[in-house]
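Protein chains: 2
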Amino acid sequence: MKEIKSVETLKEFLGTAKKRGAVVGLVPTMGYLHDGHISLIRAAKKHAGKNGVVVVSIYVNPLQFGPNEDFKKYPRDLKRDRRICMDEGVDVLFLPSDSEMCPALDGPNAMTTFVVEEKLSALYEGESRPGHFKGVTTIVAKLFNIVQPDFAVFGEKDYQQLMIIKRMVRDLNYPVKIVSVPTVRDQNNVALSSRLEYLKPESREMASILWNTIQKARDRVATRKSILTWRLRDKLMRYINRRKNVKVDYIAFFDSQTLEPVREVKKGTHMAVAMYVDGVRLIDNAKL
Amino acid sequence: MKEIKSVETLKEFLGTAKKRGAVVGLVPTMGYLHDGHISLIRAAKKHAGKNGVVVVSIYVNPLQFGPNEDFKKYPRDLKRDRRICMDEGVDVLFLPSDSEMCPALDGPNAMTTFVVEEKLSALYEGESRPGHFKGVTTIVAKLFNIVQPDFAVFGEKDYQQLMIIKRMVRDLNYPVKIVSVPTVRDQNNVALSSRLEYLKPESREMASILWNTIQKARDRVATRKSILTWRLRDKLMRYINRRKNVKVDYIAFFDSQTLEPVREVKKGTHMAVAMYVDGVRLIDNAKL
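Protein chains in written order, with the working numbering: chain F, 1 to 288; chain C, 1 to 288.
Where hints are given, some of them may not hold.
The list treats identical chains as one, so a pair stands whether inside a single copy or across any two.
What the hints assert, rightly or not - Under the rule of at most 27 Å between Cα atoms (straight-line distance), these lysine-lysine pairs were calculated in the BS3-like manner: (1) K134 - K157; (2) K177 - K119; (3) K134 - K225; (4) K72 - K157; (5) K177 - K5; (6) K5 - K287; (7) K46 - K19; (8) K134 - K177.
Quick caveat, the hints were computed from the structure, so don't treat them as lab data.
Using the sequences and the hints, build the whole thing.
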C-alpha cells in the first residue's frame, strides 16, 4: 500500500496507473474506519477489478462542520485506519493536508470557490446543519478533480449526501460513476458511524431507537394503503418520547429520488431520522 | 474538423486522442467569433503542439445572463464561426445543446448545483451583473469536466473573468492550465467584442472612449508617484462626460492579482472600465 500526502505525488502515481489502463476507484472518508467503511472498500475493490487501483482518502473536512459542531473532537486513529486499509488491500491511502485541501478561510490565500447544490441541500440534514452539504460537495469536487477516479463509493447511511453527490455529478458533468453501498449495522441494528464512539458503552444499545422507529413506521405502512405524514410522525414521536435521553431532531418522509417531502407515507416512501441519543447526534434512513 | 454536438460523442473522440498521448486544449466561446477569438485559437494551436487537439466550444450560456440582459439578441452566426474554425485548423467544434449543458431551470430535472466564487465575483462586473460569474464558473466547470482539457485559453479582455477562473482552478484543484491571451483591438483601439455588433457603424468609433480613458489614466500615473483613486476617477469622469451618449457603469482601480480595490493608483495598478456607448455596454481593462 502506498501512503501519499501530497496532491502532486498522488497525481504522478495515478497518472502511471491510468496509462496502463487501470480503473481507479475512490473511497472518500473522514477516517476512524469501521465495518461500514470496510464494506465501501470491498465494493471498491470488486468494482475496480484485478488491475484496478483503489484510493481511500482520509480527511476530516473542516468545511462540512458547523461552528458549534464536533470538528475538533471528531475521532481520529490513523494507526488503526492504516492497518485496516492494508488488510483490505487498499492500493493508495491518500492523506491530504489542510494546506492543500483547505487553505486558510480568510486572508489573501483563502479559498473562495465552492460547489453548492441549492435544492436538496436545504432539506433535512441541511436544515439542521446549515452549510454542511456545501462543505461536502466542495471537498468531494476537489477530490474528484485531484484523483479523477472512474468511480467513487458512498454509503447509503448518508442517503441525502449520496443523492446530493449524484445530483452534483449530473449537473456538473463529472465523469465519475457513483457506487452506493448498503448501510452496515451492528447486532442491535444500529447504523455504524464513527460518532458512536461518543456514546458511553452502556448507552450504545439505546441507539437502536433510530432503527426501531423506522421499523415502527414500516409496520404501519405494511398494512395500509397510505397514512398521512403528520399522523405517522405523531405516533412515532409518542413512541420515541417514552424513552429517556432521546431527543428527535427530525423525522422526514420523502420521495427516494427527488427527496421531496410527501404528504402521505406508503410502501416505498423513504424515511430519514436524526436523533440525539444521550446527547450524541445520530442519523439513519431506509426505504419503507 | 470534427463537428460534435453530444457530450458522449465528444468524450469518445477525445478518449481516443488522449490514449495516443495528445495534449487537449479548450477554447470556450459564445460564438460570433472575431479576431480576438482567433488569437485565442492560435494560442491554443501553438500550446497544444503538433499532435495536440484543439476544441473550440460555442455555447451561449443562459446562466451568465441576467433576466434583463441580452441573452435572446446575443449575436449568432454558426456558418461564419464554422468557416473560421476550419480556416484556423480547429480540430473539434463542440456545439453542446441546452438539454445537455443546462436543462430546465425549474421542474424535477432542473439544474441545482453551481460553482460559485464568492469574493472576486462580487466586485466590478459582478456588482453590475449579479449572478453573472456564477453562471460563468458553473459552465466552465462543466466544460472542464466534459472535455478534461490539459489547458484552456481565456482572453485578457475579460480580465476579472480570467482571474476568477484561475481562482476556481486553484480552489477546486482542476487539473487544467489556464493560458491567457492579450486583448485584440481594432484600428481605433476598441477591444474586440461580439457586442460591438449592436453598435450602429457610425457609433463604432465612439467606443474608443474606453481605451482613451485608460490612456488618460496611464498618462496621469506616468508622471506621478501615485494619485488618490477618487481624484483620478473624478478627472476621468469629467473627461468622459464631455461626450454625448456615453454613460459610465464603473471605473475601477485594483491590484492585478487580488483584484482588491486600491486607495491610491500608481504604475502597475490595474484599471477596468464599463461604459454604455450609445446604449451598448462595453468593457475594457489594462495594467497602467
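Hint by hint, here is what the structure shows:
Taking the shortest Cα distances, K134 and K157 sit within 27 Å of each other inside one copy (19 Å), while across copies they are farther apart (32 Å). In this assembly of identical chains, K177 and K119 lie within 27 Å of each other by CA distance solely inside one copy; the values are 22 Å within and 32 Å between copies. Taking the closest pair of Cα atoms, K134 and K225 never come within 27 Å of each other, the shortest separation being 37 Å inside a single copy and 45 Å across copies. In this homomeric assembly, K72 and K157 come within 27 Å of each other (Cα to Cα) only inside a single copy, at 23 Å, whereas the closest approach across copies is 45 Å.
In this homomeric assembly, K177 and K5 come within 27 Å of each other (Cα to Cα) both inside a single copy, at 25 Å, and across copies, at 22 Å. With identical chains, the CA atoms of K5 and K287 are never at most 27 Å apart, being 39 Å at best within one copy and 39 Å at best between copies. In the homo-oligomer, the alpha carbons of K46 and K19 lie at most 27 Å apart both inside one protomer (21 Å) and across protomers (25 Å), since each shortest distance falls under that limit. Taking the shortest alpha-carbon separations for K134 and K177, both the intra-copy value of 20 Å and the inter-copy value of 26 Å come in at or below 27 Å.
Hint violations for this structure: numbers 3, 6, all remaining hints satisfied.
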